[in-house]
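Peer 1: I would like the entire structure built from these sequences, with the hints used as guidance.
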Amino acid sequence: MSFSKLPKITFWRAVLMLILAAGLYSTVLRFTKGLGAATNLSDQFPWGLWIGFDVLCGVGLAAGGFTLAAIVYIFHIERFHPILRPSILTAFLGYALVAVALLYDLGKPYNIWHPLVMWNPHSVMFEVAWCVMLYLTVLALEFSPAVFERFHMRTPLRIIKAATIPLVITGVILSTLHQSSLGSLFLIVPEKLHPYWYSPLLPLFFFISAVAVGMAMVIFESNLSSRAFDREIEMPLLEVLGRAMAVVLAFYGLLRLEDLWSRGALVHLMEPSMETVLFVLEITLGLLIPLPMLLFRRIREDRESLFGVAVLVITGFLLNRLNVSVTGLVASSGVHYFPRWTEVAVTLSIVGVGFLLFSLGVRYLNVMEPVRAARVPEGNRTRATA
Amino acid sequence: MSKAILVDTTRCIGCGACATACKVVNNLPLGDPSAAHDLPAKPLSDDDLVAFAQSHGEVGGELSADMLNVVQTHGSVFVRRFCMHCQQPTCASVCPVGALKKTAAGPVAYDASKCMGCRYCMMACPFSIPRYEWKALFPKVKKCTMCAPRQAKGQQPACTLVCPVQAGIYGERDDLLKEAEKRIHDEPTKYFHRVYGKEEVGGTSVLYLSAVPFEQLGLPVNLPDEPMPLLTYRVLSEIPTLVPLAGLLLGGIWWITNRREEVAKAENKTE
Chain G
1 MSFSKLPKIT FWRAVLMLIL AAGLYSTVLR FTKGLGAATN LSDQFPWGLW
51 IGFDVLCGVG LAAGGFTLAA IVYIFHIERF HPILRPSILT AFLGYALVAV
101 ALLYDLGKPY NIWHPLVMWN PHSVMFEVAW CVMLYLTVLA LEFSPAVFER
151 FHMRTPLRII KAATIPLVIT GVILSTLHQS SLGSLFLIVP EKLHPYWYSP
201 LLPLFFFISA VAVGMAMVIF ESNLSSRAFD REIEMPLLEV LGRAMAVVLA
251 FYGLLRLEDL WSRGALVHLM EPSMETVLFV LEITLGLLIP LPMLLFRRIR
301 EDRESLFGVA VLVITGFLLN RLNVSVTGLV ASSGVHYFPR WTEVAVTLSI
351 VGVGFLLFSL GVRYLNVMEP VRAARVPEGN RTRATA
Chain F
1 MSKAILVDTT RCIGCGACAT ACKVVNNLPL GDPSAAHDLP AKPLSDDDLV
51 AFAQSHGEVG GELSADMLNV VQTHGSVFVR RFCMHCQQPT CASVCPVGAL
101 KKTAAGPVAY DASKCMGCRY CMMACPFSIP RYEWKALFPK VKKCTMCAPR
151 QAKGQQPACT LVCPVQAGIY GERDDLLKEA EKRIHDEPTK YFHRVYGKEE
201 VGGTSVLYLS AVPFEQLGLP VNLPDEPMPL LTYRVLSEIP TLVPLAGLLL
251 GGIWWITNRR EEVAKAENKT E
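So the protein sequences, as listed, match chains G and F.
If you read the first sequence in our numbering, its first letter stands for residue 1, the second for the next number, and so on.
If you read the second sequence in our numbering, its first letter stands for residue 1, the second for the next number, and so on.
The hints are simulated quantities; they were obtained by calculation from the structure and are not laboratory data.
A couple of the hints might just be wrong.
Pairs of lysine to aspartate or glutamate, EDC-like flavour, derived with a Cα cap of 16 Å [stated by the list, open to error]:
1) F:Lys198 x F:Glu181
2) F:Lys198 x F:Glu179
3) F:Lys265 x G:Glu78
4) F:Lys198 x F:Glu226
5) F:Lys101 x F:Asp111
6) G:Lys108 x F:Glu133
7) G:Lys161 x G:Glu149
8) F:Lys178 x F:Glu199
9) F:Lys140 x G:Asp43
10) F:Lys135 x G:Asp43
11) G:Lys33 x F:Glu133
12) G:Lys108 x F:Asp111
Selected chain F positions facing chain G (in silico; Cβ < 7 Å) [what the hints assert, rightly or not]:
13) Ser93
14) Cys95
15) Val97
16) Lys114
17) Gly117
18) Tyr120
19) Arg131
20) Trp134
21) Lys135
22) Phe138
23) Met228
24) Thr232
25) Tyr233
26) Ala246
The beta-carbon is built from N, C-alpha and C at its ideal position, and this holds for glycine as well.
Peer 2: What follows is the structure, encoded as structure tokens:
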């Protein structure tokens, strides 16, 4: 660690401390005075930043876990093994923090376990609740080898490794179900959600965009970790991921265009509205700029450019989720919603805690494989390490 | 057979007795706090309730956790808004824990002890009816109960009981539909020719009659005639088929790629 890097770290630590202090204040406010005091939510606008960002975006951004697990274990593309564990850890932390965010947002958080025993299979929310609970368990199990290794627990390690394939298959199915179901949540508001975003295909769109953003997140995290932990980056892997992302994005783009066209929603582009601005922004940042960029090998192979593309895809994804869950619903609600600063503080704190836990995980557990191992030819590598 | 309420807005005189009666039976704060002094001691007889509500009517305001039935003015027409008690309620279908349920008697009932406060019902309700106790630390969802407790005792809802002009009447849904259509048939020039709630989102247990098109009363007219729960159920009902299929598919892919690798390894060894 070079000495010149210290001030930068201190600065970010100071920022983190400030955010966490604001988050702590907001937490106390939320759990002593209630949702009315801590949020700008209202009867007309009952879901805000915590659902739109913390839950919808959080679950989406954690999609790298199941995407990579499928690539490595189901499709046996072993080259990706070196970045699997960090992705599983990110996904696990992401989902755990989604659960924490839900505790803030639920009016009666102490009833969060109710879907376990009170069933309503007709409810999308019920399905999402179950999938998220089960998938969080799957992720914990998928990541558990790192913990077992750390404490030299051989027997549980052997058991969990034997169960790897069924676990991964379960995880992929659960992810497919709830990533798409988060879109299905909004199928019930055809007359409230703006036609740019309301579509019978919402579940499909949510799933495909989650796969794309899962890949973007892997590229994004690999860059950040290589910077933070002074590791060499696995560029050849990320280049392949970039190529795959281009395919998924192209498919997503075509499907959305076809859907917008067939529903006649594109006529709204003539209206100079907030929705039009946000829609154009979402499509431009998330599709129109990054997709053509990904077609150039030179861009895919360049670390900085590929990182830039990933940031664009993630931004477009965040805009999409916020548009579906917040801004696309503003017009029909008849009120303006903008998050209170305490809502923002909680959200930022949760993100900050995520970063903190991730770096702790990397420091104390075997998350990152030694860089050299990544270069060992495929045939010589054992597949067992999860 | 289930109970319903017919609101004939052409009869409503805007006295606001229904809004007051609703607050009294639901123990909600009155608009004029000093009026509480005139309130006879509980338990209130129906006669007491009628007398009090008719002399302390409240008009105006928006639905809130403290106002579950409000009389609003649209031009020269008074129209009261409260839960529509849908035949196939969206709120009940979206509630993950089944805290909201359509009862056989007619009312859509809410069980606060089950509720975890996700507010999906508020998001999903096509009539934007459910309200939340935002100021409470452990809030409940609030909406009209169609006086289910009173109905259980054989009494009619407080709002229809106290209406001095029978603008709101209570009865079997089938009978009320017939009555509504009879009124339109008998006085075709007086009424807009449609019973609101007969078809909307699969039908509701609150029906409206009006002299003017319903959008002029602030009622949503962009609703489909099919029950909203179908929108999500169509997708959800695919899951039991999709899960085993996906499991087979993923397992199959794994088997093939795994086999391919084993073969490759074996070939390497023999070389």
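Peer 1: Run every hint past the structure and note whether it holds.
Peer 2: These are the hints, each one checked on the structure:
1. For the suggested pair lysine 198 (chain F) and glutamate 181 (chain F), the alpha carbons sit about 10 Å apart, so the restraint of at most 16 Å is met.
2. As the CA atoms of lysine 198 (chain F) and glutamate 179 (chain F) are separated by approximately 12 Å, the hinted pair is consistent with the 16 Å bound.
3. Restraint check: the Cα-Cα separation between lysine 265 (chain F) and glutamate 78 (chain G) comes to about 14 Å, which is no more than 16 Å; the hinted pair holds.
4. Taking the CA atoms of lysine 198 (chain F) and glutamate 226 (chain F), the gap is about 11 Å. The hint holds against a cut of 16 Å.
5. Between lysine 101 (chain F) and aspartate 111 (chain F) the alpha-carbon distance is near 8 Å, which keeps this suggested pair within the 16 Å criterion.
6. A threshold of 16 Å between alpha carbons decides the hint, and for lysine 108 (chain G) with glutamate 133 (chain F) the separation of about 11 Å falls inside it, so the pair holds.
7. Only pairs whose Cα atoms come within 16 Å are accepted, and lysine 161 (chain G) paired with glutamate 149 (chain G) is accepted, the gap being roughly 12 Å.
8. Simply put, lysine 178 (chain F) and glutamate 199 (chain F) have alpha-carbon atoms about 14 Å apart, close enough for the 16 Å limit, and the pair holds.
9. Taking the CA atoms of lysine 140 (chain F) and aspartate 43 (chain G), the gap is about 12 Å. The hint holds against a cut of 16 Å.
10. Taking the CA atoms of lysine 135 (chain F) and aspartate 43 (chain G), the gap is near 12 Å; set against the 16 Å cutoff, the hint holds.
11. About 12 Å separates the Cα atoms of lysine 33 (chain G) and glutamate 133 (chain F), which keeps this hinted pair within 16 Å; it holds.
12. Between lysine 108 (chain G) and aspartate 111 (chain F) the CA atoms are separated by roughly 13 Å; this keeps the pair inside 16 Å, and the hint holds.
13. The beta carbon of serine 93 (chain F) comes within 5 Å of a beta carbon in chain G, closer than 7 Å, and the hint placing it at the interface holds.
14. The beta carbon of cysteine 95 (chain F) is positioned within 7 Å of a beta carbon in chain G (closest approach about 6 Å), and the interface hint is therefore held.
15. For valine 97 (chain F), the interface hint holds, since its Cβ comes within 7 Å of a Cβ in chain G; the closest pair sits about 4 Å apart.
16. Hint status for lysine 114 (chain F): holds, given a least beta-carbon distance of 5 Å to chain G, under 7 Å.
17. Satisfaction of the interface hint for glycine 117 (chain F) is found here, the shortest Cβ-Cβ separation to chain G being roughly 2 Å, below the 7 Å cut-off.
18. Using the Cβ-Cβ criterion of 7 Å, the hint placing tyrosine 120 (chain F) at the interface with chain G is satisfied: the shortest such distance is roughly 5 Å.
19. Here the hint on arginine 131 (chain F) is kept, as its CB sits about 5 Å from the closest CB of chain G, short of 7 Å.
20. Hint status for tryptophan 134 (chain F) relative to chain G: holds, with the closest Cβ pair at about 3 Å, below 7 Å.
21. For the restraint placing lysine 135 (chain F) at the interface with chain G, the shortest Cβ-Cβ distance is roughly 5 Å, inside the 7 Å limit, so the hint holds.
22. A hinted interface residue such as phenylalanine 138 (chain F) counts as satisfied when its beta carbon comes closer than 7 Å to some beta carbon of chain G; here the least separation is about 5 Å, so the hint holds.
23. Because the beta carbon of methionine 228 (chain F) sits about 6 Å from the nearest beta carbon in chain G, less than 7 Å, this interface hint is met.
24. Checking threonine 232 (chain F) against chain G by beta carbon gives a least distance of about 5 Å; that is within 7 Å, so the hint holds.
25. The interface hint given for tyrosine 233 (chain F) is met, as the beta carbon of that residue sits about 6 Å from the closest beta carbon of chain G, less than 7 Å.
26. Contact between alanine 246 (chain F) and chain G, as hinted, is supported at the beta carbon level, the nearest pair being about 5 Å apart and thus within 7 Å.
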